[in-house]
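J.: In order, the protein sequences belong to chains A and B.
Counting in UniProt numbering, the first sequence runs from 1 upward without gaps.
Counting in UniProt numbering, the second sequence runs from 1 upward without gaps.
Some hints could be false.
Intra- or inter-copy, both count: the list cannot distinguish identical chains.
Claimed, not checked - Pairs of lysine-lysine residues, derived as DSBU-like cross-links and limited to a Cα-Cα distance of at most 35 Å, are as follows:
hint : residue 1 : residue 2
1    : K571      : K400
2    : K626      : K522
3    : K194      : K571
4    : K626      : K589
5    : K651      : K489
6    : K489      : K522
7    : K434      : K558
8    : K489      : K535
9    : K571      : K171
10   : K400      : K171
11   : K558      : K108
12   : K212      : K400
13   : K558      : K147
14   : K171      : K589
15   : K626      : K489
16   : K589      : K535
17   : K651      : K522
18   : K656      : K589
19   : K194      : K29
20   : K571      : K535
21   : K108      : K522
22   : K571      : K434
23   : K571      : K489
24   : K651      : K626
25   : K489      : K558
26   : K147      : K434
27   : K571      : K656
28   : K626      : K571
29   : K558      : K656
The set of hints was computed from the structure by calculation and includes no laboratory data.
One letter stands for each residue in the lines below.
Protein chains: 2
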Amino acid sequence: MSKLTDVPKRILIGRALRSEKLGETLLPKRIALPVFASDPLSSVAYAPGEVLLVLSIAGASAYHFSPWIAAAVVVLMFTVVASYRQNVHAYPSGGGDYEVANTNLGPKAGLTVASALLVDYVLTVAVSISSGVENLGSAIPFVVEHKVFSAVAIIVLLTLMNLRGVKESGKLFAIPTYVFVTGVFIMIMWGAFKGIVLDDTMRAPTADYEIKPEHQGLAGFALLFLLLRAFSSGCAALTGVEAISNGVPAFRKPKSRNAATTLFMMGALAVTMFCGIIGLAMATDVKMAEFPARDLISNGAPVGPDYVQNPVISQVAAAVFGDGTFFFVLLAAATALVLFLAANTAYNGFPLLGSILAQDRYLPRQLHTRGDRLAFSNGIVLLAGAAILLVWVYEADSTKLIQLYIVGVFVSFTLSQTGMVRHWNRHLKTERDKGKRRRMIRSRAINTFGAFFTGLVLIVVLATKFTHGAWVALLGMVIFYGTMTAIRKHYDRVAEEIAAPDEPGEDSVRPSRVHAIVLVSKVHRPTLRAVAYAKAMRFDRLEAISINVDPAETTALKQEWDRRGINVPLKILDSPYREITRPVIEYVKGLRRESPRDVVSVIIPEYVVGHWYEHFLHNQSALRLKGRLLFTPGVMVTSVPYQLVSSEAAKQRARKRQEWHAPGSVRRGMVNGRPKEPSGRA
Amino acid sequence: MSKLTDVPKRILIGRALRSEKLGETLLPKRIALPVFASDPLSSVAYAPGEVLLVLSIAGASAYHFSPWIAAAVVVLMFTVVASYRQNVHAYPSGGGDYEVANTNLGPKAGLTVASALLVDYVLTVAVSISSGVENLGSAIPFVVEHKVFSAVAIIVLLTLMNLRGVKESGKLFAIPTYVFVTGVFIMIMWGAFKGIVLDDTMRAPTADYEIKPEHQGLAGFALLFLLLRAFSSGCAALTGVEAISNGVPAFRKPKSRNAATTLFMMGALAVTMFCGIIGLAMATDVKMAEFPARDLISNGAPVGPDYVQNPVISQVAAAVFGDGTFFFVLLAAATALVLFLAANTAYNGFPLLGSILAQDRYLPRQLHTRGDRLAFSNGIVLLAGAAILLVWVYEADSTKLIQLYIVGVFVSFTLSQTGMVRHWNRHLKTERDKGKRRRMIRSRAINTFGAFFTGLVLIVVLATKFTHGAWVALLGMVIFYGTMTAIRKHYDRVAEEIAAPDEPGEDSVRPSRVHAIVLVSKVHRPTLRAVAYAKAMRFDRLEAISINVDPAETTALKQEWDRRGINVPLKILDSPYREITRPVIEYVKGLRRESPRDVVSVIIPEYVVGHWYEHFLHNQSALRLKGRLLFTPGVMVTSVPYQLVSSEAAKQRARKRQEWHAPGSVRRGMVNGRPKEPSGRA
């Protein structure tokens, strides 16, 4: 990489790049928290708004239910945190939801969780970026005026950064996350101080608006359904909580305990922020509507389609700090940045999960090598493509996208917790130590409650969100599930086909002789090298073959062959139709027919070139011949490479590619970008 | 090919398919004429209209110049025919314009002609299809109402037919061509009879229209320029005349004389039809305008943008036979069909020229094999893509496309005739026989006049058409020229790099020993086969290598290896980062460092699969490893294929592909779709 291309990157992520030391150590809690919590903490930027938005369907008066809904979310959050603290202790090697479900509930449950997680990663990108754009837009209107464009541009930027292999450090996550958390807390405390102590009246920008209810005077079952829907939306605050359970190996010792503590801190921060924002929204009279253009009434008239409904967090900030003030802009920027970081975590998680799935043969085997650049790139491009599609279709509207989001999260919560119950049951069968048994029973109780509660939420989410978009997420899961099942079936079928028989079979029979053929077109260095190598191998029979497509050239070749005294017989195959492949195939088949116990070794001089376009100019006939030869049993094909001068460029590129670091390593406890514990699954 | 898929094709081109006998014999003149003449004869469908259209710029009164222009076209036609009769005699092996220019004027002239011809083939498709659609549209209005769509659809259809490899027969060309020629002659004679003998007044559909001249009262240089422009447009009648000179080997003996006679017949037919149509157009008061919407006046008002200006031939047919009568529709259909056949000739010519250029290393070498399906397909797709682009950009308007067409034709006419002059000069230097000398001098005179006249026309065309679109054709030629020059330079550079030194160099040095490595991941049939083959080769050293990415799997592999008593040492390479490529590369490099005079043979078991998507699931790591290994000097890579059951499908496909026939064979004197004289260039 030249110094010049470094400059924009340095500007983009500043000094952090140079602090390579951080990568060499495991994460202390104060760094681990922001690394893992950008996703769940950033959810408080959109979750409170979603609650108000759904309640507004019954009119602004329904807002008084919001504390109850917040309370339900808090209970759920602590249930989930408590449950995952058990995961962290039980799987210190970093057992993610996929592995917990796979190990304890069997491959089908595992695959269901994997499908849900893959869909979730896509939605994490789509939702976080859209919400980030909305938050940034409250300070910079241009961004929200070109919402889809801005969102797609940021996805493309993140994608390029990740493809390029930006080396990470904990600080990169720490600074924006702490700025964001501190900002929100200052806002909550300053708001409380102003409201309670100074008795100052803070008014949100939408305080004077009225809401036209979609349904007047909802009651009974309809009201209950609405409240459940609002609760489902609030559950968006829980997305990303499970991330720590994947990352235990990245913590300092005692790993599990540190991870559990961090998890608790994260939960506490999240609920405090969530409740604080809802409280401030109540106090400052924020108004949010599902269809603001129609249902938000200002001075007796609807605000119309040009109205931009800012996120709750930015409306509250405007009320507390004042619109456009330094603190307001700082908080908007920090919120957006944390949301973009949250999206970035999906860029790390998606290919990582892909590599684990590839290990279990649900995805192409070459994705198996973790941190492998090509595998990583494929995953990244797939993720970005799907996210851009969603952003495009849903016009970067976070409210619409959130309808799709929560299903997957709760599918994996529920199955993971159910798996944990099985896990404890299995261990309780053999464990005799009383103290340990007591702790296990306690853990099992927590996980049972977690499974039950998250399962209930899953049903609620499915019931209230299915027609609003959750079906899209389910469809995505079904597609992933089906594809992965088909791939696994294919691998199983092939594995059965190629399984070595117990008795030595025909494949172990050593061929009686090897008949080697060097393909020759002209006498040049690659040919000479191929002939020299072939001679060194002492085949039972060795001959050179040339296809006669042009009699004059063939005559010249023969003369040159004799003149140089190359002591390998040269055989000319006639090709009246100027084909290359057919005469060789037929000759090889003829040899096999003559002596079926022999094997034929075809040696092809091959050019090694440096630029992609040169591939169109070289080796094409050889490649096609090779492709056809491989179908012929009893044949092997040897390439003798000849490195052209231009190949040096490609070699340099390949070498540089080897020095590449897979992003996301900081979350997995890497040393210098390499995993500390290669045998454990992260 | 199943019987079922045959049915639509049979419907499409009828019985002709079954008459395979025709392909076995060389062409008699009565079949050769339609085979080669569909392109030049079909030009009379648009050329007369173009003349009138240009003249109309000076008003309908300028139409009285049209007989003079027709006369000039006739003189030019006979000049070109006479010139090419010399080519046919001088190059009985079928020397096309490219080879004549290349041999006699040097590679730059040859490449210029080649570029011109490649552009011409694209334009032949675009112009013929557009004009065919216009002619068909005079009978079926739907076609002309969706002109671009219809034109693109027909190009796609032709492309698919050619890619599929439809077997041709002379009859396929003969029937529509003879119907077309007969139809035009009946029209001319019936029209003359009605007009002169019956003294019947025939009125074209546009007879009562008036033309608003673009320029009133043109005179002097401006008028001359306009007449020259009209003449240039009329020269469109000459496109395709050169085709016979490529096809001499396809004629019955005496080949050259028969070809020359056919050429003369073609010229005579073309000029008679051209003049007859112009004469009838005059007699029936056809009105054509360059911008009919604005300049055609009906009852005092412009006809407006909805007016469709039908081709002259169809207007004349409407006047002679009556609009919508059987003869009218038959002639329109035959005209369209002959135009589509003319387009089809470009589908044969383009890849054929490509193969000749590849032989001279101006195009990727693999295109060299003539009739090779892949090479052929690439050419076809490139041709169709370029033609579709032109049709799209120029809205399938034959008048606009013709502005681009004629430049290339006259570039190759002029250079080919100049080349012929050189040819005779060279032969005259050595020829002593008086009679032969006399004939040569006569031929030279004809070619000199041809070169001079066509060169003059080229200048006229450039001067009058450059801004009207000829610059696009020239740009296309420059692009082809530049690309082909660059490819040739690359090949020359590589040829120099790999040229074998006269003294035995380092490439001829036989390595002292061969150290072989079999890559092993599991003990299965492919591995066993690779080990058995490797053993048969008696390397100086042989070992099996496995990469330890999963300790459990590695242990299992070791145990299985020992249990089976495979007497090849198994070495485990550690890979802490789960990479496959790097450890192998480093191990191989280590071996090379230890003993630089040895060579390393890496043996990779490879799966052979049958479906394209299976490639994503297998061999990817092996392929990438191979790609990297080829950069390492002193290494050769051997694939030992293991054919999975599914590979049978691919094998069948490959076999079927081998039975494929390159379209266009009938024009090149093929026996059963194979060339009769494989050594000659057709």
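J.: Okay, which hints does this one fail, numbers in order?
T.: 1, 3, 7, 9, 13, 14, 22, 26
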